[in-house]
Amino acid sequence: MHIDLFLTCVNDALFPQTGQATVRLLERLGHTVGFNPRQTCCGQMHLNTGYRDDALDLARKFVGDFRDAEVVVMPSGSCAAMVRELYPQAAQWAGDEALLREMEALAPRVFELSEFLVNRLGVTDVGAYYPHRVTYHPTCHAMRGLRVGDAPLRLLRQVRGMTLLELAGAEECCGFGGTFAVKNPDVSAAMLTDKTRHILDTGAEACTAGDNSCLLHIGGGLSRLRSGTRTVHLAEILASTEQEVYA
Amino acid sequence: MRANLRNVTGAIRAKRANVVGEMPHWEQLRDLGAALKDDTLADLPDRLLQLERSVQARGGQVHWARDAREARDLVALIAEQHAVTELIKVKSITSDEIELNLALEERGIHAVETDLAELIVQLSKDSPSHILVPAIHRNRAEIQELFNTELPGEGQLSDDPAALAGAARRYLRQKFLTTKMAVSGVNFAVAETGTVCVVESEGNGRMCVTLPEVLVSIMGIEKVLEKVEDLSVFMELLPRSSTAERMNPYNSFWTGVTPGDGPQEFHLILLDNGRTNVLADEFGRQTLRCIRCSACLNVCPVYERAGGHAYGSVYPGPIGAILTPQLLGMYDKNANTLPGASSLCGACYDVCPVKINIPQVLIYLRSEANVQKGLTAEALAMKGMKFVMAEGWRFEGALKLARVGQGPLVRGDAITSLPGLLGGWTQSRDLQPLPKEGFREWWKRRGQEPAAASGEADTSSESKERV
Ligand code: SF4
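Chains as they are written, first to last, in full-length UniProt numbering: chain Y, 1 to 247; chain B, 1 to 467.
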């Protein structure tokens, strides 16, 4: 299958290794991957912060960039939720019927990485090897927006060499919430403290998730604590093999 | 206070999950609840007129209040007509919305709260911080001290919960038996029959709606249901979502007046107070489905940490963050910041028994609020960002610039302090610097070199540095 990668702006700017891992993983599974260099950002931050018109401009751009794709895969639950759930809603708010139709046509071809692998391709064993103790944080938008369910866990359970540790209070938000972390820093920090405490309690070497924006937040907290526990995107674990450990 | 909140909301949350878990058709029930509410809201004027006729036919009186002032005046007028200087009240957030107690006090009428927690809040001249557990922010020692000073004739009380509850009960019983008039809120009112319903846990409400001679019930116009059968759906949804019980201990229903039994005069006040504006907004309208169960408060991680008063609104938590700004109008300076107080984690939507999509309404309202605020620094920053994001090459260029520009901010391998609008981030978190090579450059380089091998070798070394 030919897969169009939507990398997301956060990954593009800060986490190129996640994009690289996604490409390698999908290629290893026998697919071809394309990267349209016109792509930028889905507009999630704009919409969630209350700049609907700006977000819609970026949404139109996304539709233009990926209209012809067979499937679009992105290593981010929140961006996938944005495109699939919120684009149509925002088009409705704007009363743009034509755009709404285009978005509804595109939405079924848009996937977050783990749901693409498990639900669309039907694989749970991607041949990964990752010799570390890892705990998994289900991000809010993947869990409640996209309903990816246990797809990430099913993939992680098949990773050889890895010990998967259960995270207490896993389903609680880490407190990121985009601009929420900046606009309500105290409440956000209180939520982060609980999250990092639970992660450290597991004794894991790394915390993984399907969304680098949440991991940026959690990782920033772990770094401030000088904890030595790091964050790693799900894609990097799944891309790792005995020949090469990517993250 | 935070510990109290966490314990109580945590316990309710766990219990709720249990009693919801035992209902195999919970999802269908939620859908049904949402649909019934939507249908009623779609014909709201007709339903209300029907309710008015039904109540009148059974000997009750119906009053329409456009805003809080009209509703307060109506209650005061009825009290004055009966020469009442003290009345008893059932816990009602609608009466908090219209600031009834204060207004009555000003006219020489004292309103006694009969819900234990509300009584505590009232005696301590505080305001409630939770829909269901209004005194959640008070501990036992504080209550002991309060009762010792405020409840005359009880002597010195210990901090034993049973003793404290006993004192309150004796105080209230006296009020129930001697007070002529009561004011209640309304959980549901049935248009078809004119039946009004209050559900509660302590039984004080039952006393209030049966013992006094005159009963005044105040309801937001969205509380109307079409048929009696509809009640059966909400009597399942409400207690399970609210107190995590299968059924509320006290469910009181009354229809008009019955000679020789219960209050001989019944007034129903239909309160608008901004609701028709909410109704007029096709998307925001779903907010009016709310049955005030407080499930969304109990799961909200922001509410758990910030508490009810932090919202500065009568309706706290997620529902308050969407209801209050809509009732008051988005130009209200306090209210229009409320939708910002959420990380949009969506837990509230998942528990809401009538499926109000709170996160989406929050997002919707944030845009409405920003329109009111005009061109702020934030709005300009967002516009700038959009300009950069509008073209792939611009974004690529901006990243290159930023890689150079971040130099002075990087300490060791992290950014520990950011200037300006972004300073909130680095209060308690580090930020990792931008990497030396972005994905785009890697992709380009990879495309130029034969096969994938070259790219693999190059970046694996970089990635390994992070291990
Ligand atoms: S919004 Fe939903 S969950 Fe919150 S109080 Fe209302 S009905 Fe309950």
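Hints were generated in silico from the structure; no laboratory data involved. Hints should not be assumed to be uniformly reliable.
[What the hints assert, rightly or not] Facing chain Y, according to a computed beta carbon distance under 7 Å, are these residues of chain B, among others:
id, residue
1, Arg305
2, Gly346
3, Met389
4, Trp425
5, Gly438
[As the list claims (entries may be wrong)] Sample of chain Y residues facing chain B (criterion: CB under 10 Å; computed from the structure):
id, residue
6, Gln20
7, Asn36
8, Arg38
9, Tyr51
10, Glu85
11, Trp93
12, Ala105
13, Leu153
14, Cys173
15, Asp186
16, Asp194
17, Arg197
18, Ser223
For glycine and all other residues, C-beta sits at the position ideal for the given N, C-alpha and C.
Hints, one by one, checked against the model:
no.	hint	result
1	Arg305	4 Å, holds
2	Gly346	4 Å, holds
3	Met389	4 Å, holds
4	Trp425	5 Å, holds
5	Gly438	5 Å, holds
6	Gln20	5 Å, holds
7	Asn36	8 Å, holds
8	Arg38	4 Å, holds
9	Tyr51	5 Å, holds
10	Glu85	8 Å, holds
11	Trp93	6 Å, holds
12	Ala105	21 Å, violated
13	Leu153	19 Å, violated
14	Cys173	3 Å, holds
15	Asp186	8 Å, holds
16	Asp194	8 Å, holds
17	Arg197	13 Å, violated
18	Ser223	4 Å, holds
Violated hints, in rising order: 12, 13 and 17; the structure is consistent with all others.
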